[in-house]
Amino acid sequence: MTRRQRVAENLNSALHHLLGAHPGTYLIGEDVADPYGGAFKVTRGLSDRFPDRVLSSPLSEGGIAGVGAGLALSGNRSVVEMMFSDFAALAFDQLLNFAAKSVSMYGRRVPMSMVVRCPTGGNRGYGPTHSQSLQKHFLGIPSLHLREVSPFHDNQRVLTAMLDREEPGVLFEDKVLYTRAMYQDGVVDDLFRYEVLADPSETARVFAPDCGPPDWIVLAPGGLTERAVTALRTLLLEEEITCELLVPSQLYPFDSKALLPVLSRADRICVLEDSTADGTWGELLAQQLHEQLWSRLARPVLPLSAEPSIVPTAAHLEHDVLLQPSTIHRAIMEATK
Amino acid sequence: MTRRQRVAENLNSALHHLLGAHPGTYLIGEDVADPYGGAFKVTRGLSDRFPDRVLSSPLSEGGIAGVGAGLALSGNRSVVEMMFSDFAALAFDQLLNFAAKSVSMYGRRVPMSMVVRCPTGGNRGYGPTHSQSLQKHFLGIPSLHLREVSPFHDNQRVLTAMLDREEPGVLFEDKVLYTRAMYQDGVVDDLFRYEVLADPSETARVFAPDCGPPDWIVLAPGGLTERAVTALRTLLLEEEITCELLVPSQLYPFDSKALLPVLSRADRICVLEDSTADGTWGELLAQQLHEQLWSRLARPVLPLSAEPSIVPTAAHLEHDVLLQPSTIHRAIMEATK
Amino acid sequence: MNVTSASPAVDHRPTGEPEAGVVARPLSRLSDADLGTLLMIRHFELAVLELFSQGRLHGTTHTCLGQEYIPVALYPLLDEGDYVFSNHRGHGHYLARFHDPHGLLAEIMGRAGAVCHGVGGSQHIYRDRYLSTGVQGQSLPVAVGVGLHLKRAEPGRIAVVHIGDGTWGEGAVYEALNMAQLWQVPVLVVVEHNGIAQSTPTERQMSGTVATRAAAFGVGHLRIDSVDVTDVRAALAPVVEQVRDRHRPYVVECVTHRVGPHSKGDDTRAAEVRERAARHDWYRRYRRDHPAQFAAADQAQAEAVAAVVREVGARPASRWEAR
Amino acid sequence: MNVTSASPAVDHRPTGEPEAGVVARPLSRLSDADLGTLLMIRHFELAVLELFSQGRLHGTTHTCLGQEYIPVALYPLLDEGDYVFSNHRGHGHYLARFHDPHGLLAEIMGRAGAVCHGVGGSQHIYRDRYLSTGVQGQSLPVAVGVGLHLKRAEPGRIAVVHIGDGTWGEGAVYEALNMAQLWQVPVLVVVEHNGIAQSTPTERQMSGTVATRAAAFGVGHLRIDSVDVTDVRAALAPVVEQVRDRHRPYVVECVTHRVGPHSKGDDTRAAEVRERAARHDWYRRYRRDHPAQFAAADQAQAEAVAAVVREVGARPASRWEAR
Ligand SMILES: Cc1ncc(C[n+]2csc(CCOP(=O)(O)OP(=O)(O)O)c2C)c(N)n1
Ligand SMILES: Cc1ncc(C[n+]2csc(CCOP(=O)(O)OP(=O)(O)O)c2C)c(N)n1
Ligand SMILES: [Mg+2]
Ligand SMILES: [Mg+2]
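Chains as they are written, first to last, in our numbering: chain R, 33 to 369; chain G, 33 to 369; chain U, 1283 to 1605; chain F, 1283 to 1605.
These are calculated hints, taken from the structure and not from any lab test.
Everything numeric in this text was worked out from a predicted model, so none of it was measured.
Where a beta carbon is used, it is the ideal one built from N, C-alpha and C, also for glycine.
Please note that the accuracy of each hint is not assured.
[As the list claims (entries may be wrong)] Here are the simulated lysine-lysine pairs, PhoX-like style, with alpha carbons at most 25 Å apart:
no., chain 1, residue 1, chain 2, residue 2
1, R, Lys369, G, Lys289
2, G, Lys73, U, Lys1546
3, G, Lys73, R, Lys289
4, R, Lys73, F, Lys1546
[As the list claims (entries may be wrong)] Chain U regions said to be covered by chain R (calculated; three or more residues, Cβ under 8 Å):
no., region
5, 1320-1328
6, 1402-1414
7, 1490-1504
[Claimed, not checked] Sample of chain U residues facing chain R (criterion: CB under 8 Å; computed from the structure):
no., residue
8, Gly1395
9, His1399
10, Arg1434
Put together the whole structure using the sequences plus the hints.
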């Protein structure tokens, strides 16, 4: 069997494809050019192949978001890389007040094909300003869609869909995922299988075969896959609690209606996320699910997040703040009683 | 009876008090100096009295947020004005990644007495980049607290509490409120009275006397007071649906536990807010309330927001997008059935 | 004419009267077309303020009274393939480009036929390759992106960005200038330096000068302190050609004078400062220098704009179908 | 010594060898204290890289190899009432200020006695009036706020901000310089111009020069391209005095050379570029010029740092009580 592709490689070949397929595609970011190829090596080989469309920029996160918007406005497709998603805070105005708004504020639809790539999240010891999961702050902005990289979803398909949408989008990429392998052939590990649901959301569903309807459905963005699967395993083996995991590619807009057939197979639902609590994707999903499944749920949707804290640097401190398999295990176990 | 004080006057005298009472208090913002006294005239008379501590700044929203943080770091109290809250997007990095983080990321508590004032919201025809309600994007940032001006809460008390907290805070100020009068003596209008609850949240409770337990509790930030009261009135008079309105001063952190005695008097709860839906304060409250009142609620918490749209300029278009008394009336009426 | 390519701080303060000579110098005679556009903008802006004072307009607006000549001088040098990024003070830019007072007034009034269906209003307008928005500084990086596109896909075309002196407070301006010069993109920044930002005089919001700020990035700079359309256009022409042909950014600083309030009556400048601005007003000077041509054109435009106001004011509310 | 106050673009490209003379010039003899600090920082940084390569460190770090002399030259001119804002490449700044390798290494390793309990790590440190953070450019406006405070409440004290050449990409830098000059606050910006930002050479990320960028705001600028502590300190002294006494901002640009990788082994510069940086390294040059003093001090510091590594490496994990 061939070696499974790593997520960073998958992203890299997706970008190679996009830039090769469409001559109006640009990639802009700090240190993206060869031979460096980006802080996480995701852009390797691109500037050598497409020197006039792959530009290493100055340290100007707000500026390059604007440049990407200008390229989109003039009919191109732009991919803008934030070196760390934390710095997307510097581009917040351009994304909120220009790129997203331009789609609708001129009274007719202005197509804007633009993706901002955001290496995201902790568990790597980069410290408080380089480890955040800021997805929640970008939720609910009209015409701005959010996706998250997962080991189930091919990034060529993801990025193409984002650009085809002709609205700006943000792609969150968990930094730990970069070195992990993409799943293939429906196999997660010895215990778990996955399928990609046929509805348009293309949500991945992870399950232990032959277990019947699950006790819990766990919803999680791609970056939490590995920690979620670890918790699913221990819950199954140690507590005989069966959980199914749903990993969507698109975080926002999120329409849980299409998932209702799957979701209604359990009367308990948990949503995982890496950010701190409050104002989150988990609450957004919870509200939708409470409205749709009010009488069928045994208890309120259980949202699990990081501790209410900045992300500290030292490994032992960081571990305690971020959501870990053991925290998930414990919370689900307790909420099953 | 003396003329009731307008909200802008109340803010102005609060700022006069703060700058007079504490010699290390600064106010910085665009065009805040006399004779102009700020775009909404809230800072009138301050620079004449305190010329070295009230500074009209260049157009540099990110910069002045940083300046305010530097003043706070060196032991002062700073008030920074964004001319329109929409531009707080330009200060997002300074608030998220510096001001708020500094409180905890150095391993011990660093006091930061700093308030960012944000004239907020629509219904004034200022158009898509000058009318937003961006509260939700600032939710759930460790060490950053959010308040909203209301006609019930004296701003000297509010601002003093914010600065005494020694953590950065954002004060949202609905622009329509500026010209409205502060309520006093427990009277809202001919039909409604109010009291300020004795718990530490100092939430204002608006009620029609002698109506018994309400059908609904409506939670709303200060800027929605007037529209909420109008809806309460028509619901009562036209539909015989009794609602009580709760208007907290602090939006975040929000602990609904203290309000449970009041909240449990109805089995239906509605949360109003001016932003678009998704990732909102309403969802945050809903999640808390679902966890705390799960079995007592007749239906999921009803969150009402603006339409999922940018805020258009023309009065008739803007009216249709923003939350209006009629929308509130209709939604509550329908959800009562 | 008065064009210098390196300049000291522009003095807008009401000192002595060293500018008496400038103001005394006669303005050159313009074509009827140019004069007509100038006057159309003037009467349009006066009408907008009048509508506000009648309570017939919602929201806010920023008129370009005193600054009308800048787009009138510049735009004949552009073609429709060039992009223009306007700002909050953009009515003159729009009118000089499209000669469409009906569409703009409808936009401001929220009536049928509005160029953006009333959604954008005074400061958020998009039509063909013309775009304005209300967040100062934001459009400069966007123009750099557009400039990258033009240079590669439509060489010879340029992106023009109008900003005020106060907008140099925003970091986005510098991020953009740096990239524009590094990547050599055809972006022409037109600074309408009217000596004030809302209520704050330039010397209290800008250290250094526009010239030194451009020089910081090695970007070419030209200062124009004439209000004479002929002179301004002549000074702009070679700059526009350079940006076009050599794909490089340039900053043109037009020293100008805000004759009206910042938005709608919020003018707290001292009377002598306002009077000083008024003395520079091309309108007053042109009337003095070319009374006959002026009188006829002025009356014609006043009537034309009045007709626009009547016609548009009678239209039904705009509809926003694409929401 | 080589100090100029207006400068052309700094040439870091590997052209010819016009700098051979500079490198050949002997470095002045330093006090044992200064040399000791320099070498402590050098061995500390080497130890950090070694710990990383042994897998004993978590996260990332940026060493100041080659740039150690800047804080060593500057800090004797400061007193403890002055603020220092450091950046990602801050170990040398911290060590030159506090002579506390234990506290810093514990911070980087997350061990007991860490100056910020392991919460901040390599690039987020706060102690007394010293603060570093990981978002480039952010600390400049903060320093302006601190400068306002100092000017009013503690006149004579200053705020120093260390930034790299690449950080001039960030708009925050310009917003801050503008305010600093407008409000005349005592902020000294020390630019460690090492010719590169992560992997991007200066000429691909900065148009114009640091000198023209300071001049844009009327802010004083001094360029220092010596690595000799005595010379650098002598050049800095009058600038520090000016900032202190006249409450005004100043930009000092130290032309320097990054001898190591950006963070931990990510050096994609061509071999000859790296070798050129190494030729400028004060370490190599001082060893050549003062072999006896150097050898003793070098060995002493190598041993001292090794002892710190052993001692701190044996400590238990840090605890974060204040969360
Ligand atoms: C980012 C941002 N900050 C503040 C404002 C509010 N504002 C609108 S115009 C203006 C002054 C602009 O001054 P200048 O650039 O000189 O243009 P002028 O109004 O003089 O034409 C201000 C502060 C804004 N629109 N955008
Ligand atoms: C706002 C921001 N953008 C990007 C980064 C990632 N980053 C860290 S250091 C660096 C290069 C900085 O270059 P320079 O300012 O020249 O300092 P040097 O590393 O050369 O000392 C980059 C891009 C960051 N920390 N902050
Ligand atoms: Mg101006
Ligand atoms: Mg550098």
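Here is what the structure says about each hint:
1. R:Lys369 <-> G:Lys289: At roughly 23 Å apart (the allowed maximum being 25 Å), G:Lys289 and R:Lys369 satisfy the hint.
2. G:Lys73 <-> U:Lys1546: Distance of about 14 Å is within 25 Å: holds.
3. G:Lys73 <-> R:Lys289: violated, 48 Å
4. R:Lys73 <-> F:Lys1546: holds, 14 Å
5. 1320-1328: Not satisfied, violated; 0 residues make the cut.
6. 1402-1414: With 5 residues closer than 8 Å to chain R, the region 1402-1414 of chain U meets the three-residue bar; holds.
7. 1490-1504: violated (count 0)
8. Gly1395: violated, 12 Å
9. His1399: holds, 3 Å
10. Arg1434: holds, 6 Å
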